[in-house]
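> What follows is each chain in one-letter form.
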Amino acid sequence: DQQVKQNSPSLSVQEGRISILNCDYTNSMFDYFLWYKKYPAEGPTFLISISSIKDKNEDGRFTVFLNKSAKHLSLHIVPSQPGDSAVYFCAASSAAGGTSYGKLTFGQGTILTVHP
Amino acid sequence: DAGVTQSPTHLIKTRGQQVTLRCSPKSGHDTVSWYQQALGQGPQFIFQYYEEEERQRGNFPDRFSGHQFPNYSSELNVNALLLGDSALYLCASSLVPVYPYEQYFGPGTRLTVT
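Here the protein sequences come in this chain order: A and B.
Under my numbering, residues 1 to 116 are what the first sequence spells out, in order.
Under my numbering, residues 1 to 114 are what the second sequence spells out, in order.
Just so you know, these hints were derived from the structure itself, not from any lab.
Honestly, I wouldn't trust all of these hints.
Said to hold, decoys possible - Some chain B residues close to chain A (C-beta under 10 Å, calculated; not the full set):
#, residue
1, V4
2, S7
3, P8
4, G40
5, G42
6, F45
7, L88
8, C91
9, S94
10, Y101
11, F105
On a predicted model such as this, the values are computed, not experimentally measured, just so you know.
The C-beta atom is built at its ideal place from N, Cα and C for all residues, glycine as well.
For reference, chain A alone in the conformation it holds in the complex:
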């Protein structure tokens, strides 16, 4: 049961343009969403997050949008840079049941390639 899905295995964009990575989830109990970036031979690095009480969070070139009714979130990178080339994972968590120990459920990842 894949509760978090990234349906695009890869995305290729030109330097300076916008990159849009998408993520869908099925579990309505998820209340916190994160994006991680992963380079080869390194662990995932936290990028940006959003709580379910918000619909947008911005940090520099990175913006995450959350559409709770559609159970969909997206990560926008503007402008895209060659150094952004990596695997991007979306992840979700839930504080339901009184526990908030932060178990993360990840999507399969999207490989982003930014061409100079």
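Assemble chain B onto chain A, guided by the hints.
Then chain B, alone, in the frame of chain A:
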């Protein structure tokens, strides 16, 4: 400020053997989570340790067990290894309950079972 460290980096084992992986959390963090990442997939949650107890567990068999020490470091043990256990094992640390969701990952241990 040292980040999350894991050892060893790579490991090759034979089916049926047992393996122990180690993790030291980021300085100041008290919670350690373990994830398994198969090739081409996202990380899957194995379990999480806080205050030396297993707090949450994912859908993994009892062959997977763990431990957290008083200094917050942790071990992941896998018994009776199967070929399907070949994966990248990631350790993540966080500070519960202040920032439970912001987990910092180590570089992982690549386990190959032959």
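> State for each hint whether it applies.
Cross-check of the supplied hints:
For the restraint placing B/V4 at the interface with chain A, the shortest Cβ-Cβ distance is roughly 7 Å, inside the 10 Å limit, so the hint holds. Hint on B/S7 is violated. Least Cβ distance to chain A is approximately 13 Å, over the 10 Å limit. Of the supplied interface hints, the one on B/P8 is violated, with its beta-carbon coming no nearer than about 14 Å to a beta-carbon of chain A, more than 10 Å. For B/G40, the interface hint holds, since its Cβ comes within 10 Å of a Cβ in chain A; the closest pair sits about 7 Å apart.
With a cut of 10 Å, the hint placing B/G42 at the interface with chain A holds, because the nearest CB-to-CB distance is about 3 Å. The closest approach between the C-beta of B/F45 and any C-beta of chain A is roughly 5 Å, which is under the 10 Å cut-off, so the hint is satisfied. This hint holds: B/L88 has a C-beta 9 Å from the nearest C-beta of chain A, less than the 10 Å allowed. Proximity of B/C91 to chain A holds as hinted, the smallest CB-CB distance being about 8 Å (cut-off 10 Å).
For B/S94, the interface hint holds, since its Cβ comes within 10 Å of a Cβ in chain A; the closest pair sits about 6 Å apart. At its closest, the beta carbon of B/Y101 sits 5 Å from a beta carbon of chain A; the interface hint therefore holds under the 10 Å criterion. Annotation: interface hint on B/F105 holds; nearest CB of chain A at approximately 3 Å, less than 10 Å.
Of the numbered hints listed earlier, those contradicted by the structure are 2, 3.
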